[in-house]
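In case you want the letters, here they are:
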Amino acid sequence: MTTPAIPEGVKRCPTRQFTLWLAVVGAVLLWGVYAMFLIWYKGLNQTGMNDAYGFALWIWADLAVIALGGGAFFTGFLTYIIGKKELKSIINYAVIIGFICYSSALLILALDIGQPLRGWFIFWHANVHSMLTEVAFCLSCYFAVLTIEFIPLVLENPKLDRIPFLHHLSHNLHEVMAVFAATGVFLSFFHQGSLGGVAGVLYGRPFAFREGLLIWPWTFFLFTWSAAAVGPCFTMLITWLTEKITQKKLVRPEAFQLLAKISGWMLLTYMIAKIADTWYWAAVTAPSKGFSLMDFYSNNPVYGIWILIAELVICGIVPALILITRKGRENKKLLVTAAILAVLGVCINRWVMVLQVMAAPLLPFHDWYMYMPTWQEVATTILPVAYGAILISLAHRYLPVFPHEKELNPGQ
Amino acid sequence: MTQQPQHTKTKRYGMVIDLDKCTGCGACMVACYAENNVPFRQDESDKMRSLNWIRVMKVDNGKPFPDTQVCYIPMPCMQCDGQHMEGHSPCVSVCPAVATDYDQTTGIVSQIYTRCFGCRYCMAACPYHARKFNWWDPKWPADMEKYLNPDVSARMRGVVEKCSFCYHRYQKARDKAYVEGREELHEDEYQTACAQACPTNAIAFGDLHNPEHAVYSLSRSKTAFRLLERLNTNPKVYYLSSKSWVRRKADNYLEGENPEQIREKARKAAATH
Ligand code: SF4
Ligand code: SF4
Chain X
1 MTTPAIPEGV KRCPTRQFTL WLAVVGAVLL WGVYAMFLIW YKGLNQTGMN DAYGFALWIW
61 ADLAVIALGG GAFFTGFLTY IIGKKELKSI INYAVIIGFI CYSSALLILA LDIGQPLRGW
121 FIFWHANVHS MLTEVAFCLS CYFAVLTIEF IPLVLENPKL DRIPFLHHLS HNLHEVMAVF
181 AATGVFLSFF HQGSLGGVAG VLYGRPFAFR EGLLIWPWTF FLFTWSAAAV GPCFTMLITW
241 LTEKITQKKL VRPEAFQLLA KISGWMLLTY MIAKIADTWY WAAVTAPSKG FSLMDFYSNN
301 PVYGIWILIA ELVICGIVPA LILITRKGRE NKKLLVTAAI LAVLGVCINR WVMVLQVMAA
361 PLLPFHDWYM YMPTWQEVAT TILPVAYGAI LISLAHRYLP VFPHEKELNP GQ
Chain P
1 MTQQPQHTKT KRYGMVIDLD KCTGCGACMV ACYAENNVPF RQDESDKMRS LNWIRVMKVD
61 NGKPFPDTQV CYIPMPCMQC DGQHMEGHSP CVSVCPAVAT DYDQTTGIVS QIYTRCFGCR
121 YCMAACPYHA RKFNWWDPKW PADMEKYLNP DVSARMRGVV EKCSFCYHRY QKARDKAYVE
181 GREELHEDEY QTACAQACPT NAIAFGDLHN PEHAVYSLSR SKTAFRLLER LNTNPKVYYL
241 SSKSWVRRKA DNYLEGENPE QIREKARKAA ATH
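Protein chains in written order, with our numbering: chain X, 1 to 412; chain P, 1 to 273.
Rather than coming from a laboratory, the hints here were simulated on the basis of the structure.
Some clues are possibly wrong.
[Said to hold, decoys possible] Here are the computed lysine-lysine pairs in the BS3-like style, where the Cα-Cα straight-line distance is at most 27 Å: (1) X:K159 x X:K84; (2) P:K47 x X:K42; (3) X:K332 x X:K159; (4) X:K248 x X:K11; (5) P:K268 x P:K63; (6) P:K139 x X:K42.
The structure presented is a predicted model; accordingly, all values stated were derived computationally and were not measured.
Chain X on its own, in the form it takes in the complex (with noise of 0.2 Å):
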């Protein structure tokens, strides 16, 4: 007798309707698959970038999705390390969603640099002076870690677990889980904190350059800091997001309410912390290399003083107020707005330390830098989702998920 792939006592859509969302998810993922053959075939002058932008849509994507898959990292510090047993009910998620978070990080940068082929000079000849061996080592060492969470989960495919050897070692790796997680934590603060550095280090550049503490810029802090707050916001968003899609409670409300409070708490001291740096940054960094706060918002047609105000109050601290007041947790649209809000908040800040930097003019005689995506560069930045909507589609279809699925919808 054939065993379902489905695991048991749970529904999912009829095959047809599975096959025909896969089939439209599939047709953006090969429109994107096209356009990284493109680039890979004839190069970067495929893409928008030019002498004075380097650094461009990309490595934003980049930061902001490894930023977004920090909910991985944190929420497994917070229920394996700190014995949180309310978040088990969404840590398999916040997995799988880190998971596509880095693989898709890992992918965009093989896509960005010039010579696809030598990419592994990053490990071979390693300059450890460089915020961007660090995030190299740890990224690939954390993906690594994230595989290795992801697998028992893979193993519970009752199919899978069929297999007497797999039942054992995905038994085996559940045990050892709490080993990962501190690897991950580990290695997470120093690759989101490296993230930061990136643009941290370039004293050349005022408007990226932090002083800070020894070798790491503040940045290098702010980071790690925001990744773990905004990234189970992500988390959780996604989660609301499935739950509305499958029309089915998959979480139990325990675990986001736990969630949405700390979220909300490090969202709150990140943003001081954030609103200080800024600040220095203002009244002293800027001021000594001959730039005041308004050389860096003026002049151009996009970069306003509303960027500023729209990451730190609109995109920070309202959300932080509402995640950490019982009654904006407890209101469910509240909170996704809440989550929404951080979200964009970290991706602005990410955009800020890739985009803005790059444009805002340095010399006297120049003048702010503008740059536009090419169809190639967006349908990239678009495949990384089109990629995880398959993935999150797949493993909610065939694995065992959410735990507490099946007691949370009792009717099906």
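Chain X is already provided as a structure; the job is to place chain P with the ligands on it using the hints.
Coordinates of chain P with the ligands only, in the frame set by chain X:
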């Protein structure tokens, strides 16, 4: 500098460009293209993707005619010494693969094309836009390949390149001196192509540590300044101009700041390292 540098074995090759002499003719750019096998495109109108190791910028004093004054600023790689004059150049410190490095014996910032994998972090770090990315594989008109300089390798698509102060010329001159049993190079034995091509002698090149070289005293003259000195990149390319509006264009100043005072302060701070 508080301590006068001695004529030491450690060279610090640098350039002094007299902006009062530069006419903006572009001979330096042409010479550089030819000397360093810098490829060009059939249509060079997109300057943001043009390859050039030295480019001539045009600035004006912003006043209407007849008070308009124009100045041309040739800009090669500034061969930055870095924050503490120890080679921590903005570009060198960030390259993850050590594809660009600071040579402590000459002060020249190298670029290893076969090592570079095109991450462009160095371009993001360089405030002078001195680094160029090879967006395409180089192509020369058929017969032109015969004119290529055999001492300089051509660069492939996907890597970053920049001015090397014609380092191959240094190697050649050093080899010659070695064969002749000498350790020191004469000033005229090692000159960059742009310095030699400049019809108005606006570009002087030599060892900034060697009092016998013209650049030694020129770089210490009252009208000498560097671009973006406040960033502490410590460039080894100096400029000369008698015009205060030109000197003000070299850096960013807040309202009410006196460029000369600030420059003096920055120089003193750098010298204490
Ligand atoms: S000018 Fe730019 S490329 Fe040249 S040494 Fe300085 S930072 Fe590096
Ligand atoms: S582009 Fe090349 S030289 Fe520049 S940082 Fe990357 S590997 Fe180094």
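Going through the hints against the structure:
| no. | hint | result |
| --- | --- | --- |
| 1 | X:K159 x X:K84 | violated, 31 Å |
| 2 | P:K47 x X:K42 | holds, 20 Å |
| 3 | X:K332 x X:K159 | violated, 37 Å |
| 4 | X:K248 x X:K11 | holds, 10 Å |
| 5 | P:K268 x P:K63 | violated, 33 Å |
| 6 | P:K139 x X:K42 | holds, 15 Å |
Checked against the numbered hints above, the structure violates hints 1, 3 and 5; every other hint is satisfied.
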